[in-house]
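Undergrad: Taken in sequence, the protein lines are chains A and Y. In this text, residue positions in the first sequence follow this note's numbering: the first is 4, and each later residue adds one. In this text, residue positions in the second sequence follow this note's numbering: the first is 75, and each later residue adds one.
You may find that some hints are simply not true.
[Stated by the list, open to error] Distance condition first, Cα-Cα at most 27 Å in a straight line; then the derived DSSO-like pairs of lysine-lysine:
(1) Y/Lys76 <-> A/Lys163
(2) Y/Lys105 <-> A/Lys182
(3) A/Lys50 <-> Y/Lys105
Since the hints were made in silico from the structure, they are not lab data.
What follows is the residue order along each chain.
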Amino acid sequence: MSKKVLLNSKEIEIILHRLACQLIENHNDFSNTALIGLQPRGSFLAKRLASILTNDYHVENIHLGLLDITFYRDDFRRRDEPLEATNTQIDFLIENKNVVLIDDVLFSGRSVRAGLTAIQSYGRPKNIELLVLIDRRFSRHLPIQPNYKGRQVDAIDKEKVIVHWKESHTKDGIYLENK
Amino acid sequence: MKQLSVEHLLGIKYLNKNDIDLIFETANHFKEVINRPIKKVPSLRDITIANLFFENSTRTKLSFELAEKRLSSDIINFSASQSSVKKGETLIDTVNNILAMKVDIVVMRHPNVGAGVFLSKHIDAKIINAGDGTHEHPTQALLDSYSIKEKLGSLKGKKIVIVGDVLHSRVALSNIFALKLQGAEVKVCGPTTLIPKHIESLGVKVETNIKKALEWCDVANVLRVQHERMDIKYFPSTREYTQLFGINNEILDNLGKKITIMHPGPINRGVEITSDVADSDQSIILNQVENGVAVRMAVIYLLAQQIKR
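Let the hints inform the model, and build the full structure from the sequences given.
TA: So, in structure tokens, the structure goes:
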């Protein structure tokens, strides 16, 4: 099993700032925007972006939510391991908001599909965009593409993209692992 | 990853502590779901559930039905009073006919003890016991424990008294199993005629003085006097029962502490509990009803997770 570094912590920091700037370009003062991290892994990225927007770019009133998609997945009872739910924390109304769904790696697109269905339970958003840190091209099962992406990666099926956040591991880092 | 250690929910007796923890964790998520603007998830779209009620029920049936609908399953309802059971059909025949319609989960209430266990040995579907005679009512005990936990934070070391008709109560037996499993201390209190012999062997204590029982406890779970199951007179009159075991504001005000009052419903207002107590801020009776839907969603979801196609 070999492991290759795709992005180190410095590169991740630069990319996060670029993504934050792109969001500001399109969402202006964020008054009608909701950043929604897909649980569990997208929440790290969503929280990090929200803190960069607040602390470095002085954007106020960020609506940050975390969305659990377990009950909306299409592989319930079809995988060997049972699915485990996580918390949903959305304490504002989604109705008529510009929603940005946030996840770390876009692979088959099925999690995002589940996220699109799940978010509708909280109201009818004005529109929904997708932000991902890593976009694995050529691996999509569904016609889903990101609006904002950190880095595009061409990886074969045997390879796996591993994302480490300093909140859960000791430092940030994105690795390509050969199974 | 976690899953239940059992294939059916026949009684709390068959569960372990981890199962209860898993059900409560999952119920937390569903409680959030049922408080959303759109209170529904699509998880069980391809699951069909039959609700077989061979005995009358209002809230349990509604609660199960709502839980199933919130999970997007298809449901069929059956009640014995309007069916061929009256024409002499056996339980297995009735259920097999229903299963021939490709049903995955059976929720059953039956007047006979052990009906769920019997059925689980003969048919190929998940069984959830919604009450079998005077034996067990596991989902009620789970929602009771969940509601106590929500109110008091934990059950470990908490003192719970079950008041009233323990002899005829499946809620009492399931509650005793569930509470003991989670480390609570349990007492039962009622007329000696309505306390089963040898109940101490389940690790509970018996108290016949309601005031002493309430002074001791953190939570009082008040049971309904089940007139319909009483073939003989167990106490002289309802009036006397109310005087000796009824819970009213006067008794509660003299305790010097605020205890939590629960009731599995339906309430005989003015018999085992007065209206002002049932509607007071000490009562969590309506929380129990809300939590019932979340807990039943969790049980159904976790059992459905085991179904392989």
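Undergrad: Are the hints correct? Go through all of them and say.
TA: Structure-based check of all given hints:
1. Y/Lys76 <-> A/Lys163: 24 Å, holds
2. Y/Lys105 <-> A/Lys182: 39 Å, violated
3. A/Lys50 <-> Y/Lys105: Roughly 24 Å separates the two Cα atoms, so the pair holds.
Hint 2 alone, counting from the list given before, is not met by this structure.
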